[in-house]
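Listed in order, the protein sequences are those of chains R and L. First residue of the first sequence? That's 1 in this note's numbering, and the numbers climb one at a time after it. First residue of the second sequence? That's 1001 in this note's numbering, and the numbers climb one at a time after it.
Among the hints, a few may not be true.
As a list, the in silico DSSO-like pairs of lysine-lysine whose alpha-carbon atoms are at most 27 Å apart [claimed, not checked]:
#1 R:K309 - L:K1337
#2 L:K1328 - R:K87
#3 L:K1032 - R:K87
#4 R:K88 - R:K269
#5 L:K1317 - L:K1231
For the record, the hints were derived by calculation from the structure and aren't laboratory data.
Spelled out from the first residue to the last, the chains are:
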Amino acid sequence: MSAKRNLETISTSSSNSVAPSAAAREPRATQTRPTLVAGATEDIKPVSHLERNPGVPLDLDAVRSIHVNRSAVERRAATIPTRRTVKKQWQAAWLLRAVTLIDLTTLAGDDTPGNVRRLCAKARRPLRDDLERSLGLTELGLQVGAVCVYHALVRTAVDALAGTSVPVAAVSAGFPAGLSPVEQRLDEIRASVADGAREIDIVITRAHVLTGNWQALYDEVRAFRDACGDAHMKAILATGELATLNNVARASVVAMQAGADFIKTSTGKEGINATLSFALVMARMIREYRDQTGYAVGFKPAGGIRSAKSVLEYMYLMKDELGDRWLRPDLFRIGASALLTDIERQLEHFVTGRYAASHRMPMP
Amino acid sequence: MNDMSSVAEIFESLEYGPAPESDKDALAWLSKHEHVFGHFIGGRWTQPAETFDVFNPATRESLARVSQGTARDVNAAVAAARAALPSWRGLTPHARARWLYALARGVQKHSRLLAVLESMDNGKSIRETRDIDIPLVARHFYHHAGWAQLLDAEFPGYHGVGVVGQIIPWNFPLLMLAWKVAPALAAGCTIVIKPAEFTPLTALLFAELAADIGLPPGVLNVLTGDGETGKLIVDHPDVDKIAFTGSTEVGRAIRRATAGSGKRLSLELGGKSPFIVYDDADLDSVVEGVVDAIWFNQGQVCCAGSRLLAQEGIALKLEAKLRARMEKLRIGPPLDKAVDMGAIVAPVQLERIRALVRQGVDEGARMWQPSWACPTEGYFYPPTLFTDVSPSSTIAQVEIFGPVLVSMTFRTPEESVALANNTPYGLAASLWTESINLALDIAPQLKCGVVWVNSTNLFDAAAGFGGYRESGFGREGGREGLYEYLTRDVGGGMRDTGEQPPATRHSPVVTHPQYPGTANSPPIDRTPKLFIGGKQARPDSGYTRRILGPNGEIVGEAGEGNRKDIRNAVEAAHAAYKAWSKAAGHNRAQILYYIAENLASRSAEFANRIQLMTGRDPDDANRELEAAVSRLFTYGAWADKYDGAVHSVPIRGVAIAMNEPIGVLGITCPNELPLLGFVSLVAPAIATGNTVVVVPSEPHPLSATDFYSVLETSDVPAGVVNIVTGGKDALSTVMSEHDDVEGMWYFGRAEGVKAVEYASASNMKRTWATAHARDWFDAGDGEGREFLRQATQVKNIWVPYGE
Chain R
1 MSAKRNLETI
11 STSSSNSVAP
21 SAAAREPRAT
31 QTRPTLVAGA
41 TEDIKPVSHL
51 ERNPGVPLDL
61 DAVRSIHVNR
71 SAVERRAATI
81 PTRRTVKKQW
91 QAAWLLRAVT
101 LIDLTTLAGD
111 DTPGNVRRLC
121 AKARRPLRDD
131 LERSLGLTEL
141 GLQVGAVCVY
151 HALVRTAVDA
161 LAGTSVPVAA
171 VSAGFPAGLS
181 PVEQRLDEIR
191 ASVADGAREI
201 DIVITRAHVL
211 TGNWQALYDE
221 VRAFRDACGD
231 AHMKAILATG
241 ELATLNNVAR
251 ASVVAMQAGA
261 DFIKTSTGKE
271 GINATLSFAL
281 VMARMIREYR
291 DQTGYAVGFK
301 PAGGIRSAKS
311 VLEYMYLMKD
321 ELGDRWLRPD
331 LFRIGASALL
341 TDIERQLEHF
351 VTGRYAASHR
361 MPMP
Chain L
1001 MNDMSSVAEI
1011 FESLEYGPAP
1021 ESDKDALAWL
1031 SKHEHVFGHF
1041 IGGRWTQPAE
1051 TFDVFNPATR
1061 ESLARVSQGT
1071 ARDVNAAVAA
1081 ARAALPSWRG
1091 LTPHARARWL
1101 YALARGVQKH
1111 SRLLAVLESM
1121 DNGKSIRETR
1131 DIDIPLVARH
1141 FYHHAGWAQL
1151 LDAEFPGYHG
1161 VGVVGQIIPW
1171 NFPLLMLAWK
1181 VAPALAAGCT
1191 IVIKPAEFTP
1201 LTALLFAELA
1211 ADIGLPPGVL
1221 NVLTGDGETG
1231 KLIVDHPDVD
1241 KIAFTGSTEV
1251 GRAIRRATAG
1261 SGKRLSLELG
1271 GKSPFIVYDD
1281 ADLDSVVEGV
1291 VDAIWFNQGQ
1301 VCCAGSRLLA
1311 QEGIALKLEA
1321 KLRARMEKLR
1331 IGPPLDKAVD
1341 MGAIVAPVQL
1351 ERIRALVRQG
1361 VDEGARMWQP
1371 SWACPTEGYF
1381 YPPTLFTDVS
1391 PSSTIAQVEI
1401 FGPVLVSMTF
1411 RTPEESVALA
1421 NNTPYGLAAS
1431 LWTESINLAL
1441 DIAPQLKCGV
1451 VWVNSTNLFD
1461 AAAGFGGYRE
1471 SGFGREGGRE
1481 GLYEYLTRDV
1491 GGGMRDTGEQ
1501 PPATRHSPVV
1511 THPQYPGTAN
1521 SPPIDRTPKL
1531 FIGGKQARPD
1541 SGYTRRILGP
1551 NGEIVGEAGE
1561 GNRKDIRNAV
1571 EAAHAAYKAW
1581 SKAAGHNRAQ
1591 ILYYIAENLA
1601 SRSAEFANRI
1611 QLMTGRDPDD
1621 ANRELEAAVS
1631 RLFTYGAWAD
1641 KYDGAVHSVP
1651 IRGVAIAMNE
1661 PIGVLGITCP
1671 NELPLLGFVS
1681 LVAPAIATGN
1691 TVVVVPSEPH
1701 PLSATDFYSV
1711 LETSDVPAGV
1721 VNIVTGGKDA
1731 LSTVMSEHDD
1741 VEGMWYFGRA
1751 EGVKAVEYAS
1761 ASNMKRTWAT
1771 AHARDWFDAG
1781 DGEGREFLRQ
1791 ATQVKNIWVP
1801 YGE
């Protein structure tokens, strides 16, 4: 197992560092604190550059010792939206952060250079100018996390985003089913990277998970990672097709061991896409992998996240399960398209106090 | 972070901000009442008097003043309930169902007001009141609207017990009201209920709601006040039943106060429930389970999983995960929609928690609390984890009733059961494993009324809730809960047994020949010993007593059992319990039939003995013998048929209601019918898996002593039935006081009932004590489900499933 090299930069609440001896702090209720609500608030740490997860040798013990209790996971997932909420300027700020986490995506059979350029234009300027001004954000230079397209449109997107730092992500490797010949999938990854994609969203072969062939899964993801080179790799598990949460957890661990920079729920094409239950299981595996190896792997829920309310729920989950460090785009992305418009509507409501209309937001 | 934080600042910090639920409507309701309340008696509000403050524990501000219920108030409330009883009881089941339905709808229509008021009054978070308490309240009324509708069809031969006095705690104020009020109304009872003095407001709002829907006056009376008011209700002679939820200490006092009063009693008391984690559990889910177990409602939950028992190999990993999770919990104003924990109900409770935590630290346990500090405005206490705790630590034994978890380890499943059961309590348990074999093996071994597999604190109106041991008795919810408010119809009313205190014991010194015999062929002495652990044992006292016939003639002698014989018999019964309670129903049936067979083969001898002792005519004696044989067949029949149930609860999973034996049962037989009385009580007890210590008919014990050899020849395992002859009341008191006897049946006279019920409070054993006569020959009166229900307690095992 690799040394725990990143732990200092990403540690959130290791008990040693934050907890003085218990006896010294008793009794507690006499202590004062400026805020009325007590709760975990982490120091704002500088956003450090993370070392990429290089992967580790396949560890089948780690895979086989996984136990996920579906009913218990679903109970926890069900209370994430009911235990947390943000209101007023907190909600506005959280939604602005959400904008920076979006992989603005179009993955349709009828994509053309035209609609991809339109998407890229929205990625450059995700909010209406007047909204940005009202929110006092003109300095922030707000932009989305990435633009995500099919390989055929990578070059179009790269050109359209020239002069920005918004990366282009390509769904390569036989998206969405991942059943084309391995060599073709590897070639597609290399081609996307060559065309300028800085991020590659690969899909795994679901059959390897369903048949318990962890070695094959590991080898496949490892090969994709090697083909990605410097491009960051997001491994799409297609959780809706993995049958059980135990399988989702096992596939998450193998993908991380094989060097995934992110693990991602869905292609958006499965019958069930991102859910809080899937996200919870994957986040817990990311935490476990970090505890075991010291490497921080990112998470990307995708598919079905269309409302501002829904994206906030995923953010609560990340904050409470993994910590604030996982609320930045190098460790958290949301695959979405319609979401951005709903966020804009909520922000306009915050600014004006009136409920907003979609048609007033420039469409992506 | 304050209200002036800019969007740009929050964008960087991404903190949670305040998210308050409005208290406007709740305050408006309090204002409408000018923040002062009388009692709700006979459908009207009394003039407020002797008021005391009700505080918001999160702000320490007074919310309202409520009245201290006096003897006059209690008398008026009981009188109103009594006056309303005939017409309420006389309603059709459907009419009562409509009233309960209206209450359910009323709760739903005002759900947010109730949730906000509850949060302000108790200090628990609005998330809990909004998402858990109030929906469960509505669910309880809906479910019992259903029972009201089905009452005649599903409980033929039963009717409501009458006027019930209900005393409820402060931790789930309105939910506990619902658990008490809904089944009582469904059963046709009328109610005097007293909410806790810390948290009376939602009960008062509920009373107003009941008045709004037009619930007939006097059916529901709400009295406020402290323990003194509660005591007045408990002691009131015109109350037919007391239902109490609260501490074991108060429950014990109520048991003693009501002893011999004829009042029915159900008690839901304290707990120190184990939360058992095996090494194949989903540890991340376990952590959330712990959050829901001990940090739910600030740990002020009677069934809180407060003792974490973790398998040694995963204990450290689990503790680390727990600490990380605790660091993320948010504590704050209860009306904030984004807090996990609110305030402790009152300063006295906060001080109790602090003192116990201090004691834990002093005793050497290692305490850990998160780095953040609690708000200082109200009564807050942070989530607390103790490790390095041993079963002998105070904090491992005492119910803290706060957000304090104590953690211990175990090596094997067997040891986990031993540690789990190492407590006087027995309310609930939570066990976590991915192995169905392990889960279903362990759950029946835990001495408690509720077991949650891979879950915790799940409640539903369809599944009974209640404890074993000193966590009380009776169930709330489900079919089993409804019986607590029902009583059997007895044609012609109850008559007394007419048993008299025994005359002074006859001198055992024999001054003239007892039995016919001649000098050449003197009688062989046949004085029976006691029957303990399958052996005939000499009484410890070394005394025998004479048994007289109807005309005062000596018909035999019997051993004079004493407290040491009872002690030995209880030990023998315990030794036999494990195997007997686990024996298949079919096995037990075979043995009961075999007893019947062997008894029948000695009919003439047994009938003759009855005749000799009682002077009844031969036909009558023979009739008793035949009835006893038939009764053994009845329970042979029942032994493999007294099934539990699978409750329909709103989860993906099942709640299995198992009828479990009480344990070691003390049985004191009626004086009349020396054989049938004995068989009618022993047979249902052992058919359901109990082992018994029996004191047979005091004046006529020889049918039972003749029974020794029947038991010996019928494959009854040693210790399952133990028989101690002697003074009925003295031996009953010893059994009732015995802390290792789990249940006590007594059929005798009123003074004996009182003594048994009073003494039973030592370990809160289940009692079934009566001075009412029964028609033991009658199948409706002398056998059947009532006996089986008394011989068992229901354990609900919740098993969520899904891969």
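Within a Cα-Cα threshold of 27 Å, do R:K309 and L:K1337 meet the stated pairing? holds (15 Å)
Are the Cα atoms of L:K1032 and R:K87 separated by 27 Å or less? Violated: L:K1032 and R:K87 sit about 30 Å apart, past 27 Å.
What's the verdict on R:K88 and R:K269, does the C-alpha distance respect the 27 Å limit or exceed it? With a Cα-Cα distance of about 35 Å, the restraint between R:K88 and R:K269 is violated, given a limit of 27 Å.
Tell me if the straight-line CA distance from L:K1317 to L:K1231 falls inside 27 Å. violated (48 Å)
Within 27 Å, alpha carbon to alpha carbon, are L:K1328 and R:K87? Cα-Cα ~19 Å, so holds.
In this structure, the hints that do not hold are numbers 3, 4 and 5, in rising order.
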